[in-house]
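Chemist: All chains should be built: construct the whole structure from the sequences, respecting the hints.
Going down the list, the protein sequences come from chains C and Y. Using numbering that gives the first Met the number 0, the final residue of the first sequence is 204, and nothing's skipped along the way. Using numbering that gives the first Met the number 0, the final residue of the second sequence is 298, and nothing's skipped along the way.
Hints are computed from structural coordinates only; laboratory data are not their basis. Accuracy of the hints is not assured; some may be wrong.
[Said to hold, decoys possible] Listed next, the stretches of chain Y that the computed footprint assigns to chain C, with coverage defined by at least 3 CB atoms under 8 Å from CB atoms of chain C: (1) 66-73; (2) 118-126.
[What the hints assert, rightly or not] Under 7 Å between C-beta atoms, here's a sample of chain Y residues computed to sit facing chain C: (3) T46; (4) M57; (5) R106; (6) E167; (7) Q176; (8) T178; (9) Y180; (10) G241; (11) T244; (12) L291; (13) G295.
Remember, predicted model here, so these are calculated numbers, not experimental data. Where a beta carbon is used, it is the ideal one built from N, C-alpha and C, also for glycine.
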Amino acid sequence: MKTKTLSTPIKDEDILELSIGDIVYLSGHLITSRDDVHQRLIKQKKPLPLDLAGKAIFHAGPIMRERPEEKGKYDVISIGPTTSMRMEKYEKEFIAATGVKLIVGKGGMGEKTAAGCMRYQAVHAVFPGGCAVLAADRVEEVEGVEWLDLGMPEAIWVLRVKDFGPLLISIDAKGNNLFEKNKKRFNEKKRQIVAEINQHVDYLE
Amino acid sequence: MDQEKMRTRFIDIMAAFTAYTGIYLPDDVLAKLKELAAKEDAPMATTFYDAMFKDLEMAATLSRPCCQDTGVIQYFIQVGTSFPLINEIEDCLAAAVKQATAALPLRHNVVEVFDEKNTGNNVGTRIPWLDWEIVPRRDDVKIYVYMAGGGCSLPGAAKVLMPLEGYEGVVSFVFDQITSYGINACPPLLVGIGIAGSAEVASKLSKKALLRPIGSHNHNPRGAALETMIEEGLNEIGLGPGGVTGRQSVLGVHIEQAGRHPATIAVGLSTGCWAHRRGLIKIDADLRYEVLSHKGAVL
Ligand code: SF4
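Modeler: Below is the structure:
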């Protein structure tokens, strides 16, 4: 495991140096994009209102507060990752369409995303689930919001972050997928353990 | 105190306690997290535990919800038949949820079924969800607050087994669910299992099992032994914090049971995440409160 820092715009060379299990801290632009943003761009083919090339996206639905004295300016109250697997359906196309380099979320993603990461030099990383105040603390400024008509959690929030992490690389650009690997290991162990327990639970008379 | 004053006081206490539960983990969960973290030495696992403790510390300092998903609010009520506000509890708890939602703030998490609209105040059809137990010959009330997050509610399931599938079927069901859905539920998990004769009883008991303090055991010796076997087995799988692998997987495994039908063994499963926000408060007939889940808590 190595610890690294990444800054946007992220270059392909930076991505190719990363391996699953590495810990990364991000500085620069992190933009929230979850279910509805993926759906709008890929399925409904609506053009994105901003450029994501070389940047990072965050599968997250934050709690934001608008400043009473400054309309249209927001502060993050709490922001944490949501389950990335929900975006599996469209993530490969999303990477292709946007040139995004780093995808941050919770839990693993599947084969299709892993193929997309390999083909377009991108990585998926996880932020510790539920650590919402920690994440909010690393946001320096909410620079803007797009597609607010989708509602607060689903809108595109443009965040400028500093040392945002820890981010654990779960899919690298070399075809490795940490959580898929773990899942295989969990399932192999499961079979033996269940068989062992089941020798002791014959309670039926 | 007149009735109206008592109502206001009850709402204020419950709003403050609901918000409090969103910020601070209960003593037993916190102690267990520390115990589990101390046993990890792999860098991925320790990095994740460090993040959790840092997050909790900052949540306390800033009075913010420790996790952004403050869940759908559920109250499990044990009310004495002579509690003076027994007729008012339902309305008061809805008012308390609205108050806490605006004050903390809590995330808006209640979507009306069919209309598919978020109510915007965490109150909706049958929500906050109330579970009632009536306690004869008492004049106080004990209320559990539980924040049912999305991620940790996802592994939930129930199944009615044929008796010949036996307790083996129960064990397989639990392990299959946890290995398939557990990692997205923010482990270490608290695993609640209900065993009964029909799906709804088993499900409800699985949730009540999550309310038991960590470290407590099923009152039946076989039940207690099965809890330990499943706990040790799940730990051996080693989901680790956040599913990144580690020496353990769970905060605990709790089983609750009800008599079953000879022809069925129903099993229900509920899970709680590392941010297991469960609070317990006792309020007496004079509306003095005592927080039982967080020692020394002042609202
Ligand atoms: S599973 Fe728990 S800790 Fe994780 S995001 Fe949901 S409520 Fe928060």
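Chemist: Against each hint, give a clear statement of whether it holds in the structure.
Modeler: Going down the list of hints, with the structure as the test:
1. 66-73: The restraint on the segment 66-73 of chain Y holds, since 3 of its residues have a Cβ under 8 Å from chain C and three suffice.
2. 118-126: violated (count 0)
3. T46: holds, 5 Å
4. M57: holds, 4 Å
5. R106: holds, 5 Å
6. E167: Status holds, d = 4 Å.
7. Q176: violated, 11 Å
8. T178: holds, 5 Å
9. Y180: Check failed: Cβ of Y180(Y) comes no nearer than 10 Å to chain C, outside 7 Å.
10. G241: Holds: closest Cβ of chain C sits about 5 Å from G241(Y), inside 7 Å.
11. T244: Result: holds, 6 Å to nearest chain C Cβ.
12. L291: For L291(Y), the interface hint is violated, since the closest Cβ of chain C sits about 24 Å away, which is over 7 Å.
13. G295: violated, 22 Å
Hints 2, 7, 9, 12 and 13 from the list above are not met by this structure, while the remaining hints are.
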